[in-house]
Each structure stands twice: as C-alpha cells, then as structure tokens.
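Counted from 1, the sequence shown has number 783 at position 529 by this note's numbering; the numbering is strictly sequential.
It is worth saying that the hints were derived from the structure and are not from the lab.
Positions of the beta carbon are idealized from the N, C-alpha and C atoms, including for glycine.
Incorrect hints may have been included.
[As the list claims (entries may be wrong)] Think about it this way: if two alpha-carbon atoms lie no more than 30 Å apart in a straight line, the pair counts; the simulated DSSO-like pairs of lysine-lysine are:
| # | residue 1 | residue 2 |
| --- | --- | --- |
| 1 | Lys324 | Lys367 |
| 2 | Lys577 | Lys324 |
| 3 | Lys757 | Lys745 |
| 4 | Lys745 | Lys710 |
| 5 | Lys369 | Lys636 |
| 6 | Lys780 | Lys754 |
| 7 | Lys385 | Lys366 |
| 8 | Lys726 | Lys707 |
| 9 | Lys793 | Lys855 |
| 10 | Lys385 | Lys324 |
| 11 | Lys366 | Lys445 |
| 12 | Lys630 | Lys645 |
| 13 | Lys759 | Lys810 |
| 14 | Lys757 | Lys845 |
[To be verified] Pair by pair, the computed Cβ-Cβ distance ranges are:
| # | residue 1 | residue 2 | range |
| --- | --- | --- | --- |
| 15 | Asp525 | Arg568 | 40 to 50 Å |
| 16 | Ser560 | Leu631 | 19 to 29 Å |
| 17 | Asp811 | Glu356 | 51 to 61 Å |
| 18 | Arg678 | Ser698 | 23 to 33 Å |
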Amino acid sequence: MLFFKNYAFNCRLLRFWITGFLLLAGLYLSSCREKEPPARKVVFKAREVEIDIEDTLKYPNALITSLHRKNRWVDSVFRRLTPEERIAQLMIVEAFSNQGPEHEEDVLHLIKKYKVGGLIFFQGGPVRQAKLTNKFQAASKVPLLISMDAESGIGMRMDSAIQYPLPMLLGAINNDSLIYRMGAEIAMEFKRLGMHLNFAPVVDINNNPANPIIGYRAFGENKNDVASKSLAYMLGMQSEGIIATAKHFPGHGDTNVDSHHDLPVIPYGRDRLDSLELYPFRELIQAGVGGIMVAHMHLPKLDSTSNLPSTLSRPIVTDLLKKELEFGGLVVTDAMVMKGVTKYFKAGEAEVRALEAGNDVLERLVSVPKAIEAIKLAIRQKRLSQVDIDKRCKKVLSAKYWVGLNKYQPIVLDSLYADLTASRAYETNWRLAEGSLTMLHNQSHIIPLQRKKRVKYAVVAVGASKPTFFQKRLSEYVPVENFVLPRRSDKKARLALRRKLKKYKQVVIGLYGPSIRPSNTLLLAKEELDLVNELLDQKNSLVVLFDNAYTLTQLKDIRKADGLIVGYQQLLPVQEAAAKLVAGRISANGKLPVTVNEYFKYGDGL
255 MLFFKNYAFN
265 CRLLRFWITG
275 FLLLAGLYLS
285 SCREKEPPAR
295 KVVFKAREVE
305 IDIEDTLKYP
315 NALITSLHRK
325 NRWVDSVFRR
335 LTPEERIAQL
345 MIVEAFSNQG
355 PEHEEDVLHL
365 IKKYKVGGLI
375 FFQGGPVRQA
385 KLTNKFQAAS
395 KVPLLISMDA
405 ESGIGMRMDS
415 AIQYPLPMLL
425 GAINNDSLIY
435 RMGAEIAMEF
445 KRLGMHLNFA
455 PVVDINNNPA
465 NPIIGYRAFG
475 ENKNDVASKS
485 LAYMLGMQSE
495 GIIATAKHFP
505 GHGDTNVDSH
515 HDLPVIPYGR
525 DRLDSLELYP
535 FRELIQAGVG
545 GIMVAHMHLP
555 KLDSTSNLPS
565 TLSRPIVTDL
575 LKKELEFGGL
585 VVTDAMVMKG
595 VTKYFKAGEA
605 EVRALEAGND
615 VLERLVSVPK
625 AIEAIKLAIR
635 QKRLSQVDID
645 KRCKKVLSAK
655 YWVGLNKYQP
665 IVLDSLYADL
675 TASRAYETNW
685 RLAEGSLTML
695 HNQSHIIPLQ
705 RKKRVKYAVV
715 AVGASKPTFF
725 QKRLSEYVPV
735 ENFVLPRRSD
745 KKARLALRRK
755 LKKYKQVVIG
765 LYGPSIRPSN
775 TLLLAKEELD
785 LVNELLDQKN
795 SLVVLFDNAY
805 TLTQLKDIRK
815 ADGLIVGYQQ
825 LLPVQEAAAK
835 LVAGRISANG
845 KLPVTVNEYF
855 KYGDGL
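With the hints as extra help, turn the sequences into a complete structure.
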C-alpha cells in the first residue's frame with residue numbers, strides 16, 4: 255500500500271511493515287519493554303529479514319497488547335491511588351499556554367486536588383507550553399498523559415511551529431509514504447514537546463459537501479482512500495511512539511449539523527454504516543490503532559433512546575465498537591463541553607452515561623468536581639462499578655507506560671525551537687504540497703506559461719490584501735505584473751483594475767479564501783465574483799485555487815478557465831509548488847479526493 259523508495263527511514267519501515275504482514279496473516283506477536291522480569295528476546299525470519307520483537311514501539315499490535323497485560327509499574331501506581339483518584343485518571347482537561355497565570359492556577363488546582371489523568375493543550379507557543387508541561391508534571395501525583403488535537407501537526411494549535419497540510423490536500427496525493435513520513439515527523443515533534451497522544455487522524459468519509467464541520471478535515475469521499483491515507487498517518491505516528499486516535503466513530507462525514515453547536519441525527523442503519531463509514535475504522539483497528547474517539551451524534555437505528563449522543567450509547571460504544579469490532583484500545587469521548595452532549599445532559603450525568611456506555615477516557619469536561627461526585631454516586635447506586643473504573647484506570651496507566659511515562663523526564667528547553675523546525679520537516683511539507691497539486695483543465699497547453707519576448711502575464715490575487723507568495727515566486731520564473739483584488743473592494747478600485755487588465759491577453763488568477771485554513775466559502779462579494787467571471791469569459795485565463803475544492807462551485811464560469819489548478823490550502827509550500835507548476839518546473843500529480851459537482855468529480859486530475 256505504501257511506497258518507500260523516497261523515504262529515508264526505509265529500514266524501520268521495512269521491519270514495521272513485515273511485522274504488520276505477519277500480523278494480518280494471523281501471527282499474533284506480543285512483547286513488552288518492561289524490564290521486570292526481562293522480556294524474552296524473540297526473533298522471527300520473514301523474507302530473509304530478521305525481525306527483533308523486543309522494542310514494542312515498532313509494531314502495530316504492541317500498544318493494544320500493552321494495554322491488557324499485567325504490568326508491575328501500572329500495579330504499583332494503581333495501588334497508591336484512592337478510588338476517587340482512579341476516577342480522575344480517566345479525565346483529560348484542557349490547558350492553554352497563552353491564557354496567563356489565572357488559567358495556569360486553575361489547571362494546577364485540578365492536577366493537585368483531583369489528580370486528573372491528563373491534559374489536552376490548545377493555543378499558545380512551544381516554549382511556553384514546554385515550561386507549563388514541566389510545571390504541571392512536577393505537580394502531578396501520577397505523570398500526566400499530554401495530548402493535543404493536532405490533525406495537521408502542532409502548528410495547527412501554536413505559533414512558531416510547522417503546520418502540515420490538512421487531510422483534503424493529503425487526500426489528493428498518490429504517494430501514501432509521504433503521509434506516513436508526515437505522521438512520523440508530527441510524532442517526533444510531539445515527543446520533543448513532551449506529548450503522548452494525538453487526536454488524529456480523522457477517518458470520516460466526507461461525502462456531503464454541505465458538511466459544516468468535517469469537509470477539508472477528511473481525506474475524501476472514497477472509503478479506500480480514507481482508509482489507506484489515515485492508516486499511513488496512524489502508522490507513522492505510532493511507529494515513533496505517539497498514540498493515534500481515529501475519529502469520529504462511527505462516522506461524522508455525512509452530517510449537515512456541527513456537533514459543537516447541536517446534536518446531528520444520522521438516519522442510516524447498519525447496512526449503510528458497514529458498507530461505508532465503518533470501513534476505515536475496521537482497517538485501523540486491525541492495524542493496531544491505539545485510540546478511537548466517539549462522536550456526539552444520534553443514530554436512532556442503532557440506539558433509539560431519544561436525543562442520545564453516540565458517545566453515551568452502550569449499543570454503539572460497547573456492543574458495536576468494543577465487542578463486535580473487537581477494539582481493545584482507548585475509547586475516548588469527543589469533548590464533553592460540546593453542545594452535541596450538553597444540550598440534553600447536564601455535567602456529571604453526561605460523564606456517568608459516557609462511562610456506562612463503555613468509554614475509557616473523558617475529554618474536556620464541563621466540571622471535574624461535578625463529574626467525580628456524579629460518578630461516585632453512580633457507583634453507590636450500582637449504575638457503575640468500582641471494578642470497571644479500576645480496569646479502565648489500569649488501561650490508562652498502561653497507555654502511560656507505553657509512551658514512556660514510567661521513566662518520565664522533564665522537557666529540555668535548550669534548542670527546542672530549532673528541533674521543532676528541522677529542515678527535514680520543511681522538506682516533507684514541500685513534497686506533500688508538490689504531490690497534491692491537481693490540474694483539472696489545461697486547454698491549448700496554457701500550462702506551463704511560456705517565456706516570450708515583450709510578453710508579460712497579469713497575475714491577480716483575488717481575496718488577498720497584498721501581493722502573495724505565489725505571485726512573488728511566479729515572478730522569479732516568468733515575466734509577470736502583479737495585481738490584487740481584495741475583499742470588500744470598492745467600485746473605483748474594480749474599475750481601475752479592469753482598465754489595467756485590458757492590455758493583457760492572458761491572466762493568471764489566484765483565488766484565496768478568508769483564512770489560512772480552508773473555508774466553505776470564499777466570502778467574495780457579488781461584484782468581486784462578477785469581475786472574476788468576466789475575466790474567465792473574456793481572457794485566456796489560468797486559475798489556481800488555494801482553498802477547499804468545494805469552493806469551485808462559487809464561480810459560475812469556472813469551467814471556462816483554460817487552465818485550472820486546485821491547491822487546497824494557502825500554505826506557503828503549496829503556493830511555491832503552484833508557481834513551479836505554472837512555470838513548468840514540476841508536473842501535476844494530484845487527483846480530486848471529492849466530487850465538487852457534475853463537472854469536477856472524484857478522481858479527476860490531468
């Protein structure tokens with residue numbers, strides 16, 4: 255499935271995948287790094303390559319195995335916890351490194367008083383977060399499991415860090431080894447920041463263009479592509495010792511409601527789910543994914559309880575995910591602060607129901623004190639049992655052991671920024687960008703632009719407030735004149751632009767969304783869209799879209815473009831790669847990962 259010829263980590267990958275092959279063939283290998291007693295060294299031979307089963311970080315089943323085997327460190331830590339502290343070990347609370355001393359004290363209070371099990375970091379900076387992590391870990395009775403919702407790397411959440419592409423762009427790439435490499439790079443950055451658990455990859459199949467919350471966060475609409483690419487990402491992370499979390503079970507791709515704001519209702523039954531949404535989850539479970547996050551969605555055909563989110567449903571979490579799909583990793587709730595759960599269930603009751611359903615980890619609670627008290631009451635009322643809580647506590651502690659928290663060391667601050675911005679990470683980003691560019695039109699071979707005497711090309715950045723990186727880079731390859739059509743432009747500016755563009759026979763149009771993240775709309779005014787459509791109708795035009803592929807539908811004359819390239823995001827590596835493609839320095843290799851409309855369909859790409 256993966257092609258390793260371009261990947262520098264070929265030795266590790268070869269060992270990893272041969273072991274995976276043996277596992278899928280039915281050879282269930284188990285190992286443990288625990289030194290008490292020393293693990294027996296086991297060597298298998300396959301295709302003339304020796305496989306040393308001593309280092310559990312290298313093998314896909316090692317994490318799941320570790321979560322369920324007896325462990326002296328886990329037992330010793332567990333015995334020092336009170337019943338209430340064992341409950342708190344199942345809780346991950348939010349932390350920010352940019353919200354000041356008051357927020358810091360709030361988090362410290364939860365760590366010291368309640369002994370919460372982990373943190374999920376959001377916005378801030380790497381050095382600030384590292385300092386806070388060291389402080390929080392020093393205050394904790396048990397080493398904290400540090401997590402982040404970093405679907406495109408730590409740069410998605412913090413400044414001064416590399417942001418890798420989001421899944422829709424990755425879905426256009428034909429070389430999955432690049433995605434494995436990205437997963438490994440993200441894992442190394444996680445480890446350098448003292449983190450252990452990433453709430454990624456997204457394995458939802460986005461087959462609903464109107465989906466307000468998934469969209470560009472999904473690898474695409476094809477279940478095989480989604481499974482293949484999310485598998486590569488997951489294996490890249492877990493091969494480097496970071497726990498991956500597939501989400502959002504049982505599939506959030508075909509919704510028109512954002513579960514942050516309300517409870518989506520999914521009308522489909524098992525036939526549909528088995529044939530589509532569950533497919534990537536099955537594949538990742540078989541490959542040993544460490545965690546699965548359950549979504550806040552109501553599926554009445556799986557659980558008819560009124561207004562019950564899947565997170566709180568035993569038929570979905572225990573019967574389907576844990577028993578039928580045989581998932582033995584960490585089952586994590588989506589954020590318990592989201593309206594998809596809080597609209598119908600109060601703090602405390604929601605957490606009790608989540609544990610009744612079978613979840614192991616409660617993420618981002620409304621109130622830790624209320625949740626703990628409600629869970630203790632539920633134990634006294636026999637709704638929950640302390641035995642089950644204890645089992646889940648040991649499971650969480652086993653995950654902490656697997657990521658090395660039995661040998662916790664503070665984060666070294668020296669050279670932190672340099673380590674997080676290594677040249678190999680930038681190279682990975684460039685290669686991902688170049689591999690994703692998708693050419694949908696190239697009439698009369700308008701691409702590449704030709705260097706001609708006394709010929710300049712007009713390049714218009716639509717939706718930008720100043721000349722863009724794409725324009726700057728393209729000007730280094732071919733003679734161009736750069737123009738900008740910003741949002742909220744006035745009539746006078748548009749008239750002036752029209753006059754200037756009349757002397758050019760050919761125009762290159764760069765389309766930019768309103769944010770560095772892809773958007774569901776370009777947010778251009780009607781007059782600005784009219785001007786772009788006019789250029790498409792009257793000129794030899796070449797369009798490069800630096801946004802969500804679905805936004806192509808906002809230009810009624812987009813099919814008239816002689817050249818059309820989709821770049822999916824505004825990331826600088828994407829803009830550089832697009833300039834190279836337009837100038838003929840590289841070729842296009844990407845394919846549309848989604849169907850945009852009747853003209854631009856899944857798999858299109860020249």
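- Hint says 23 to 33 Å; check whether the CB-CB distance for Arg678 and Ser698 agrees. 40 Å, violated
- Going straight from one Cα to the other, do Lys759 and Lys810 come out at no more than 30 Å? Roughly 22 Å between the alpha carbons, so the hint for Lys759 and Lys810 holds.
- Task: Measure nothing beyond the straight line between the CA atoms of Lys726 and Lys707; if it is 30 Å or shorter, mark the hint as holding.
- Result: 20 Å, holds
- Task: Take a look at whether the Cβ-Cβ distance between Asp811 and Glu356 falls inside 51 to 61 Å.
- Result: Hint holds: Cβ distance 53 Å, inside 51 to 61 Å.
- Message: Please verify whether Lys630 and Lys645 have alpha carbons no more than 30 Å apart.
- Response: 16 Å, holds
- Task: Verify the proposed pairing of Lys745 with Lys710, using a straight-line Cα cut of 30 Å.
- Result: 26 Å, holds
- Message: Need the status of pair Lys757, Lys845: alpha-carbon distance at most 30 Å?
- Response: 35 Å, violated
- Taking 30 Å as the top limit, are the C-alpha atoms of Lys780 and Lys754 close enough? OK: Lys780 and Lys754 at ~21 Å, within 30 Å.
- CB of Ser560 to CB of Leu631, is that within 19 to 29 Å? Since the Cβ atoms of Ser560 and Leu631 sit about 23 Å apart, the hinted range of 19 to 29 Å holds.
- Item | Given pair status - Lys855, Lys793, alpha carbons within 30 Å | 25 Å, holds
- Message: Please verify whether Lys369 and Lys636 have alpha carbons no more than 30 Å apart.
- Response: It holds: about 24 Å lies between the C-alpha atoms, which stays within 30 Å.
- Task: For the pair we were handed, Lys385 and Lys324, check the Cα-Cα distance against 30 Å.
- Result: 34 Å, violated
The structure does not agree with the numbered hints 10, 14, 15, 18 stated previously, though it agrees with the rest.
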